[in-house]
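Enquirer: Given the sequences, and given the hints that come with them, work out the whole structure.
Next come the chains, spelled out residue by residue.
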Amino acid sequence: GDSVTQMEGPVTLSEEAFLTINCTYTATGYPSLFWYVQYPGEGLQLLLKATKADDKGSNKGFEATYRKETTSFHLEKGSVQVSDSAVYFCALRVSGGGADGLTFGKGTHLIIQP
Amino acid sequence: KAGVTQTPRYLIKTRGQQVTLSCSPISGHRSVSWYQQTPGQGLQFLFEYFSETQRNKGNFPGRFSGRQFSNSRSEMNVSTLELGDSALYLCASSGGRELNEQFFGPGTRLTVL
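Those protein sequence lines, which keep their order, are chains Z and H. First residue of the first sequence? That's 1 in my numbering, and the numbers climb one at a time after it. First residue of the second sequence? That's 1 in my numbering, and the numbers climb one at a time after it.
Derived from the structure by calculation, the hints contain no laboratory data. Misleading hints may appear alongside valid ones.
Calculated Cβ distances over 12 Å to all of chain H for the following chain Z residues [unchecked claim]: (1) E8; (2) E76; (3) Q113.
Just so you have them, the derived chain Z footprint on chain H, three or more residues with Cβ under 8 Å [to be verified]: (4) 12–23; (5) 33–43; (6) 67–73.
The beta carbon of each residue, even a glycine, is placed where N, CA and C say it ideally should be.
Expert: The following block contains the structure:
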């Protein structure tokens, strides 16, 4: 079956530090890849996505590149802010509007200290 | 455009009871998915509905069921509640050109005592 593996953390960084959250996947088909963010007490918000190999998703300073050869979709940000503190989820869904839901990683708790 | 709404936001039940949660998708979205989020198991797919038909179901017991109405609103029901059913239940809708992109509601926090 499909699966997503990501570092669980917590990951603690100082403000303005460089961020990398690793994400690797296995999929039975050709997946679309996503990063979602969850702030305390809230639902999930889509942060960025990529639907085919070598696509780069970007939003709010975050970036991730779909690497088919390494089955990875690592999340990066050049300079984090305290407001980036949240839980980040890597997810996949097999393309074609497939009948299966999103498959999520366990989530990475990110803490940014001022 | 209004986002996905879920009601109620918080719910407390006792073991053995049943519960119904409601989800209203983004206007125009015909697909609604449900997920369970717990600290131990993380986010797990429950089921997806499209045009009133269940398209797929995750690995959950038959106590978990759902339905979708003609206006795309969806409900999920859990019967004979167990302590382990305590979780955040998230609903997501998708539609239009980006069928793979799901938009999530704020969730319903269910506590089973």
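Enquirer: Against each hint, give a clear statement of whether it holds in the structure.
Expert: Results of checking the hints against the structure:
| no. | hint | in the structure |
| --- | --- | --- |
| 1 | E8 | violated, 9 Å |
| 2 | E76 | holds, 21 Å |
| 3 | Q113 | holds, 23 Å |
| 4 | 12–23 | violated (count 0) |
| 5 | 33–43 | holds (count 4) |
| 6 | 67–73 | violated (count 0) |
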